[in-house]
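Student: Add chain V to chain Z, keeping to what the hints say.
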Amino acid sequence: MILTVTLNPSVDKVFEVPSFGLGRFNQVESIETQPGGKGVNVGLMLRALGHEVVAMGFAGDGPGRFVQNALRDAGITTAFTVVNGKTRTNYAIIDPDAGTLTQVHQTGPEISPDDLAAFRTTYERLLGTAEHVVIAGSLPPGVEPTFCAELVRLATARDVRVTLNAREPIMAASLPARPFLAEPDLRNRESYDGFDLTDHDERLALARTLAESAGSAVVNAEHEVLLVSADEAYAISVPTCGLRGRIRLDDALIAGMVDAMIAGGALAEIGREGVAGALAAAGSPTGQFTSRADVEGCLARVEVVPVA
Amino acid sequence: MPDRHVRDIMTRDLTALSRDTALREAARLFSMLRVTGLPVVDEHFKVIGFLSEADIISAVAPRSRDRSGIFVMDFGEIARKMGAAGEARVADYMTEHALTVTEDVDLLGLSETMLTEGIKVLPVVRDGMLIGTVNRADVCRALMEDRWESS
Numbered sequence: 001m002i003l004t005v006t007l008n009p010s011v012d013k014v015f016e017v018p019s020f021g022l023g024r025f026n027q028v029e030s031i032e033t034q035p036g037g038k039g040v041n042v043g044l045m046l047r048a049l050g051h052e053v054v055a056m057g058f059a060g061d062g063p064g065r066f067v068q069n070a071l072r073d074a075g076i077t078t079a080f081t082v083v084n085g086k087t088r089t090n091y092a093i094i095d096p097d098a099g100t101l102t103q104v105h106q107t108g109p110e111i112s113p114d115d116l117a118a119f120r121t122t123y124e125r126l127l128g129t130a131e132h133v134v135i136a137g138s139l140p141p142g143v144e145p146t147f148c149a150e151l152v153r154l155a156t157a158r159d160v161r162v163t164l165n166a167r168e169p170i171m172a173a174s175l176p177a178r179p180f181l182a183e184p185d186l187r188n189r190e191s192y193d194g195f196d197l198t199d200h201d202e203r204l205a206l207a208r209t210l211a212e213s214a215g216s217a218v219v220n221a222e223h224e225v226l227l228v229s230a231d232e233a234y235a236i237s238v239p240t241c242g243l244r245g246r247i248r249l250d251d252a253l254i255a256g257m258v259d260a261m262i263a264g265g266a267l268a269e270i271g272r273e274g275v276a277g278a279l280a281a282a283g284s285p286t287g288q289f290t291s292r293a294d295v296e297g298c299l300a301r302v303e304v305v306p307v308a
Numbered sequence: 001m002p003d004r005h006v007r008d009i010m011t012r013d014l015t016a017l018s019r020d021t022a023l024r025e026a027a028r029l030f031s032m033l034r035v036t037g038l039p040v041v042d043e044h045f046k047v048i049g050f051l052s053e054a055d056i057i058s059a060v061a062p063r064s065r066d067r068s069g070i071f072v073m074d075f076g077e078i079a080r081k082m083g084a085a086g087e088a089r090v091a092d093y094m095t096e097h098a099l100t101v102t103e104d105v106d107l108l109g110l111s112e113t114m115l116t117e118g119i120k121v122l123p124v125v126r127d128g129m130l131i132g133t134v135n136r137a138d139v140c141r142a143l144m145e146d147r148w149e150s151s
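Chains Z and V, in that order, give the protein sequences.
Each residue of the first sequence is one higher than the last, beginning at 1 in the working numbering.
Each residue of the second sequence is one higher than the last, beginning at 1 in the working numbering.
Don't take every hint at face value.
Stated by the list, open to error - To be clear about the criterion: a stretch of chain V counts as covered by chain Z if any three or more of its residues have a C-beta under 8 Å from a C-beta of chain Z, and this derived list gives those stretches:
{"#": "1", "stretch": "29 to 38"}
{"#": "2", "stretch": "43 to 49"}
{"#": "3", "stretch": "102 to 111"}
Unchecked claim - Listed next, the in silico EDC-like pairs over lysine to aspartate or glutamate satisfying Cα-Cα at most 20 Å (straight line):
{"#": "4", "chain 1": "V", "residue 1": "K46", "chain 2": "Z", "residue 2": "E303"}
{"#": "5", "chain 1": "Z", "residue 1": "K86", "chain 2": "Z", "residue 2": "D114"}
{"#": "6", "chain 1": "V", "residue 1": "K46", "chain 2": "Z", "residue 2": "E124"}
Since the hints were made in silico from the structure, they are not lab data.
Where is the CB? At the ideal position from N, CA and C, for every residue including glycine.
Next comes chain Z alone, as it looks inside the complex:
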């Protein structure tokens, strides 16, 4: 069983607004409503690959109910901690004319110390049957990066591998707990921990630095995925993808990588399947791949280049 942790799930509303303009009236062409939050997306794609998935996180009323129902409809088992506030709704505005993507995100419900304790109890119970844990996404108010680090520590203490995809403060707090694979969330970032993300060599240096703590590290920026472990390093180019694909590219990458890790693939194969997943997702209207055939169909397009 794969356990996905989405501490701050969301309902994602994607508006398509041709010629979108700030400060004026805009007419929506279409609206899509999807369950969201990085861990939720990864879980849905792992389920599409045939894995047994249990999804955890904090869920409030309203949108939280929608997210859980959508997960269960996909055949995923839910084990969310019920909180009093409302799960957030995130908005994305796609302007097909201008080729722009505008995102507006909410912070999420306030999480109490009791909620944290309840979550931890469920998490520890589920670790007993988990073969891999995916922790991905942002933290709602009341959840500190150290909580995330604790989740990584609890899993690695039981020899359960963790894939972590999160922003810098969470990553920095959690790296000492040694996740099996660490991928910093670099969306809308030009630098990370002093490394210039526009420069290939600096990105590689960042990946190597992360891999000193984690078992392996992934740096995905500037249409290139760098995958590094203690004794191997690979670069894989990721072609530019459509606006919808861009929202969930990392999530598809992670789902593909986790699938390959569970199959016992070597680092190069983990990277190959991850990027194939990303390509498959980028080519789908929802930004997610929906079957193993989708991913396998993209494997041949992925070129994995060893890096010295």
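Tutor: Here is chain V on its own, set in the frame of chain Z:
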């Protein structure tokens, strides 16, 4: 109808209580989730009991019927008013050795169990571990769907 089993209609959710969960917290969960009961599990997700709305009502207000003789069922209100009873633990009021059902039980067998035992929700277990629940609404939905398909 004979081809449908618990696995086809169950709700794959693991929301559960622990022996030491406060009764007040259980009432909050019932209110938030709009459920009539939740399984009680140990540290390995093994089902060790069941707590129903009736268990909570009997704990808080043994005679909490209104003048029409109908139970007061606002769990949000009950949770707020709980006072001393709110400090009570699930273990003190749960039904131990609660009935469970496995995934491979067919719809007819499940319906019979629910009716003869007067049960609204049943934990679904695999090797004794909780994997979800099945309630009367799930059964009704399945029967309705079968009805539509056969007519």
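Student: Checking against the hints above, which ones are violated?
Tutor: Per hint list: 3 and 4 violated.
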